[in-house]
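Student: Here is what each chain is made of, one letter per residue.
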Amino acid sequence: MGSFVIRRILLGILVLFGVIVITFTITRVVPSDPAAQWVGPKATPEQIEAARIELGLDKPVYVQFQKYVAGLLKGDLGRSLRTHQPVSRELKNYLPATIELVLVSTIIASLIGLPLGVLSAKRKDEWVDHFCRFFSVGVVSLPTFWLALFLQLIFYRILGILPMGDQLSMDIKLLYDIPKITGFLIIDCLITGNFVILKDALVHMILPGITIAAYPIGLVARMTRSALLEILGEEYIRAARSYGLPERMVLWSYALKNSLGPTVTVVTLSIGYTLVNTFLVEAIYSWPGIGNYVATAVISLDYPAIMGVTIFSACAYVVLNMIADIIIALDPRVRV
Amino acid sequence: MNKLSSLYKSIKPRIKELKLSLYLLKRNKLTYFALVVIAMLVLIAVFAPYIAPFPSHIYGSTNPEDSLLPPGSKYFFGTDELGRDIFSRVLYGTRISLQTALLTVALALLIGVPLGAIAGTLGGFIDEAIMRVTDIFLSFPPLLLAIAIAAFLGPSLTNAMLAIAISWWPWYTRLVRGQAVSLRERQFVKAARAIGTPPLRIIFGHIVPNCIAPVIVQASMDLGGVILTASALSFLGLGAQPPTPEWGLMVSTSRTYFLNGWWYSIFPGLAIFFTVLAFNLLGDGLREILDPKTRQY
Amino acid sequence: MDICYEIKDLKVGFETFEGFKRALDIKHLEIYKGETFGLVGESGAGKSVLALTSLKLLPIPPGVIESGEILLNGENILNKNEKQIREIRGKKISMIFQDPMSSLNPVFTVGEQIVRVIVNNQKVSRREAEKKAVEMINMVKLPDAKNIMRKYPHELSGGQRQRVIIAVALSCGAEFLIADEPTRNLDVTIQAGILKLIYELKKELKMTTLFIANNMSLVSAICDRIGILHEGRIVEIGSVHEVVQNPKHPYTQILRNAIPRNPSVLNRIMVKEDLEEGIEGCGYYKRCPHRKPVCKNNLPEMQLVEGTHYVACFKEFERGEPDE
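Residue numbers (this note's numbering), protein chains in the order written: chain A, 7 to 342; chain B, 17 to 313; chain C, -13 to 310.
Bound-form chain A, shown alone (with noise of 0.2 Å):
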């Protein structure tokens, strides 16, 4: 157990140099002139020549590649073409705000893909099974920008009981204090136990964290479907049942315990998912994350932000990984 957990850390190391190394290929590799292209089309000469200065394009590849990584491990990773500020710093402001999607996102994708997959096996080729695989398989088949104008368009323009986007209304904002503790506004409502704010919070959730889970449920469900289908397969559930075991602990304890693996992984992927679908949604729900801010950065050709991000989610889906696989040797069978 205790040197697996040592082999996956040294790995998951190898992995997120290996991340460093590819994004660093593409700053410097794919553009044809990476000092115009870091500074913007509407750079002077001077400023193209301070960024290759800066860069260090100047020097030869190993140098650069020493410099950036020594830059990143101080956590620099550049300032914004279009706000002038440290691309570090304005994740930081942006940060909270999509973690909180991304993990209500999660959970309502874990609370309802889960349960449709586990429904499913159960009933394999049923009309409930039909029922949910036709309907997981529709949702993967959204385009989730799509869904969310869709949704606005239902719960907002047509029904108007949902607000079209932002994080609280206008008149909350005027109106009141705003906590900021945490930086995490549904946190900040509880610990001031601001009950009025944290309602309207939540109201303004609803949309953008079913749009995001969307897809993620219908992941969920499918693969869930078929690991427990595999799992029910097995000799010992079979076994299990001859000795007469009634079928609620077969299924709930025999089989689910032995899905611990699966459900990992399924979660850690669907949080992939849910995070990159806040970058095709935030910026349409107006959420103040770094989903919006990418989006713009990809329109203003904001060089030094997309890649802030790309390197910062790719680093930090690479650590959800490695804790999701050492969670999963907590599984008996691993630890030898």
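To be clear, the hints were calculated from the coordinates, so they are not data collected in a lab.
Please note: incorrect hints may appear among the correct ones.
[Unchecked claim] With a cut-off of at most 27 Å between alpha-carbon atoms, the simulated DSSO-like pairs for lysine-lysine come out as follows:
id: 1; chain 1: B; residue 1: Lys45; chain 2: A; residue 2: Lys128
id: 2; chain 1: C; residue 1: Lys118; chain 2: A; residue 2: Lys263
id: 3; chain 1: C; residue 1: Lys272; chain 2: B; residue 2: Lys35
id: 4; chain 1: C; residue 1: Lys69; chain 2: A; residue 2: Lys263
id: 5; chain 1: A; residue 1: Lys65; chain 2: A; residue 2: Lys80
id: 6; chain 1: A; residue 1: Lys130; chain 2: B; residue 2: Lys45
id: 7; chain 1: A; residue 1: Lys130; chain 2: C; residue 2: Lys66
id: 8; chain 1: C; residue 1: Lys109; chain 2: A; residue 2: Lys263
id: 9; chain 1: C; residue 1: Lys132; chain 2: C; residue 2: Lys77
id: 10; chain 1: C; residue 1: Lys(-3); chain 2: A; residue 2: Lys130
id: 11; chain 1: C; residue 1: Lys132; chain 2: B; residue 2: Lys35
id: 12; chain 1: C; residue 1: Lys137; chain 2: A; residue 2: Lys130
id: 13; chain 1: B; residue 1: Lys206; chain 2: A; residue 2: Lys130
id: 14; chain 1: A; residue 1: Lys128; chain 2: B; residue 2: Lys42
id: 15; chain 1: C; residue 1: Lys109; chain 2: C; residue 2: Lys132
id: 16; chain 1: C; residue 1: Lys109; chain 2: C; residue 2: Lys188
id: 17; chain 1: C; residue 1: Lys19; chain 2: C; residue 2: Lys188
id: 18; chain 1: B; residue 1: Lys42; chain 2: C; residue 2: Lys7
id: 19; chain 1: C; residue 1: Lys137; chain 2: A; residue 2: Lys263
id: 20; chain 1: A; residue 1: Lys263; chain 2: C; residue 2: Lys19
id: 21; chain 1: C; residue 1: Lys(-3); chain 2: C; residue 2: Lys118
id: 22; chain 1: B; residue 1: Lys32; chain 2: C; residue 2: Lys66
id: 23; chain 1: A; residue 1: Lys128; chain 2: C; residue 2: Lys117
id: 24; chain 1: B; residue 1: Lys45; chain 2: C; residue 2: Lys7
id: 25; chain 1: C; residue 1: Lys192; chain 2: B; residue 2: Lys32
id: 26; chain 1: C; residue 1: Lys132; chain 2: A; residue 2: Lys128
id: 27; chain 1: A; residue 1: Lys263; chain 2: C; residue 2: Lys77
id: 28; chain 1: A; residue 1: Lys130; chain 2: B; residue 2: Lys90
id: 29; chain 1: C; residue 1: Lys192; chain 2: A; residue 2: Lys130
id: 30; chain 1: A; residue 1: Lys128; chain 2: C; residue 2: Lys127
id: 31; chain 1: A; residue 1: Lys263; chain 2: C; residue 2: Lys272
Since the structure is predicted, the reported quantities are computational estimates derived from the model, not experimental observations.
Assemble chains B and C onto chain A, guided by the hints.
Tutor: What follows is chains B and C alone, placed relative to chain A:
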């Protein structure tokens, strides 16, 4: 006579295999349905300029007096802000999406298959190196790498395709490597090696042709995902540029107008949805048909 | 003698892509109280289908129970509903599965698995069940029961696991035990130990046992009577002595000899061809070294040879007709 019967015996298992596949396909009505839809999409893609009611609206022309008209008898899906017929543009978008998806997957195959075959056949250090690189590419969250590469290549549909292919090839490398590792131990490969066939000839003459079937199946299942990814890149502004009638781009432009013109974003979005759904249903069906567990009986 | 387990006109099949395929067709079979009945046949003969059907564990679909009855103490198992059958599984009929590697749940300790079965089937407290579990482990002759209880299946050897599986199966106190090739996946040296254990436990607990095997020598050591299953039909039945010493059906003869020396016989049994349509007669027709024209279109009935020895073969009773 004897020859005939021995020929029959040798192909008998294959016939049985084929019969089983057809049986499973027939049992799976959704897959059937998906196949029909895809066939129709291909027809639309091929004949789009001829069946579109307003071919001139597909790219250039504008007629501001008809801007943002709701669906009606003249414009089935309504018009956009420049007065162009959305129906014609959606029809033509089929061609763009299918083309994009096919080219992207082909490109990813072109990178991924040889690498996988080389890794699996040669083994050792080369294998280790290729597979570690593959792992690193796959450790990026989905779509993120494509966004970054597309941004640095500069926004255009071609670059978006390139970017997706660069983030997609590792899946094929993994698949082909697995196949190659098992093929490596087969008699005909050993025989080829024994008579001194050079490694490259073995890889491209023996290994690649023999693992092409599962690769093609996987690739066809991926088409839906690629269409979705490409439309997402276009939506972000990293893919097709105006006035290309690309579905994702159309939804993106519609954002400014959709609260007062629902048809503008609904129809291109539905087009993406149904196309991706058809490919995903086909993929699901294929997976079930090819799954050894379903094949048991 | 009282009958414990009885099969009447049982027909079971599978829905496949090539149409319906019959897997079991047993006219009649009875197993008496207290005896050990050995069922021998090659893989694919329908042995496991019979075992699973007896507990209503056969997956349906693709399985189809066309007709017939399986009676346990005169009660038909096949028309019980899910709830009723659960009262039979474990409590009245228990089963030992063939693969010790996959029949234990990998994420629970051995002790936990035995305890759960005992708690569920004997309605006792957990503490009591734990005591009983230790007894069961001692009974299957595993040393250091307390220690074994704490182990996960993957920490045990194949032989140890098979003993645990036997302990689980016996812990519910069933009167009828089905052992589905319990030694199939074990080393030869361990096989003997497991066989001896089953034999002794059966005597001690006075259980009626259906012992399924693919090998006559295994069965002849511990069984009272033997049935030979071929392509879903019982072709010969009798006491161990009668069947082993004086096999009547050509298939039994080949099974007994295990390694045929005559090359023409070898050819016929090694090349097992697909059963083509059109043969309504004896299932062994294609491979039989003594087949007669009558065998092709007529199904031989079970007929008494002598004592308790029955066989279904025209060769025995139509001696006048020449071989084909």
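Student: The structure should be examined with respect to each hint, and the outcome stated for every one.
Tutor: Hint check results:
Between Lys45(B) and Lys128(A) the CA atoms are separated by roughly 22 Å; this keeps the pair inside 27 Å, and the hint holds. Our distance criterion of 27 Å between C-alpha atoms is met by Lys118(C) and Lys263(A), whose separation comes to about 25 Å. A hinted pair counts as satisfied when its Cα atoms are at most 27 Å apart, and Lys272(C) with Lys35(B) qualifies at roughly 25 Å. Simply put, Lys69(C) and Lys263(A) have alpha-carbon atoms about 24 Å apart, close enough for the 27 Å limit, and the pair holds.
Of the supplied pair hints, the one linking Lys65(A) and Lys80(A) holds, its CA atoms being roughly 21 Å apart against a limit of 27 Å. At most 27 Å may separate the alpha-carbon atoms for a hinted pair to count; Lys130(A) and Lys45(B) meet this at roughly 17 Å. For the suggested pair Lys130(A) and Lys66(C), the alpha carbons sit about 22 Å apart, so the restraint of at most 27 Å is met. Restraint check for Lys109(C) and Lys263(A): the C-alpha separation of about 24 Å stays at or below 27 Å, so the hint holds.
At most 27 Å may separate the alpha-carbon atoms for a hinted pair to count; Lys132(C) and Lys77(C) meet this at roughly 25 Å. Our distance criterion of 27 Å between C-alpha atoms is met by Lys(-3)(C) and Lys130(A), whose separation comes to about 26 Å. At roughly 55 Å between alpha-carbon atoms, Lys132(C) and Lys35(B) are farther apart than 27 Å, so this suggested pair is violated. Restraint check for Lys137(C) and Lys130(A): the C-alpha separation of about 34 Å exceeds 27 Å, so the hint is violated.
For the given pair, Lys206(B) sits about 44 Å from Lys130(A) by alpha-carbon distance, which is inconsistent with the 27 Å threshold. With a C-alpha separation of about 24 Å, the suggested pairing of Lys128(A) with Lys42(B) holds against the 27 Å cut-off. Taken as a hint, the Lys109(C) and Lys132(C) pair is honoured in the structure, with Cα atoms around 22 Å apart against an allowance of 27 Å. Distance hint between Lys109(C) and Lys188(C) is fulfilled; the C-alpha atoms sit about 24 Å from each other, no more than 27 Å.
Taking the CA atoms of Lys19(C) and Lys188(C), the gap is near 12 Å; set against the 27 Å cutoff, the hint holds. A threshold of 27 Å between alpha carbons decides the hint, and for Lys42(B) with Lys7(C) the separation of about 20 Å falls inside it, so the pair holds. Proposed proximity of Lys137(C) and Lys263(A) is supported: the alpha carbons are some 17 Å apart, at most 27 Å. Only pairs whose Cα atoms come within 27 Å are accepted, and Lys263(A) paired with Lys19(C) is rejected, the gap being roughly 39 Å.
For the proposed pair Lys(-3)(C) and Lys118(C), the alpha carbon gap of about 40 Å is over 27 Å, so the pair is violated. Taking the CA atoms of Lys32(B) and Lys66(C), the gap is near 38 Å; set against the 27 Å cutoff, the hint is violated. Under the criterion of a C-alpha separation no larger than 27 Å, the hint pairing Lys128(A) with Lys117(C) is inconsistent with the structure, at around 34 Å. With a C-alpha separation of about 24 Å, the suggested pair Lys45(B) and Lys7(C) falls inside the 27 Å cut-off, and the hint holds.
With a CA separation close to 49 Å, the supplied pair Lys192(C) and Lys32(B) exceeds the 27 Å bound. With a C-alpha separation of about 36 Å, the suggested pairing of Lys132(C) with Lys128(A) is violated against the 27 Å cut-off. With a C-alpha separation of about 25 Å, the suggested pairing of Lys263(A) with Lys77(C) holds against the 27 Å cut-off. The straight-line distance between the Cα atoms of Lys130(A) and Lys90(B) is roughly 47 Å, outside the 27 Å bound, and the hint therefore fails.
The hinted pair formed by Lys192(C) and Lys130(A) fails the criterion: a straight-line CA distance of about 40 Å is larger than 27 Å. For the suggested pair Lys128(A) and Lys127(C), the alpha carbons sit about 38 Å apart, so the restraint of at most 27 Å is broken. With a CA separation close to 49 Å, the supplied pair Lys263(A) and Lys272(C) exceeds the 27 Å bound.
In the structure shown, a violation is registered for the earlier hints numbered 11, 12, 13, 20, 21, 22, 23, 25, 26, 28, 29, 30, 31, in ascending order.
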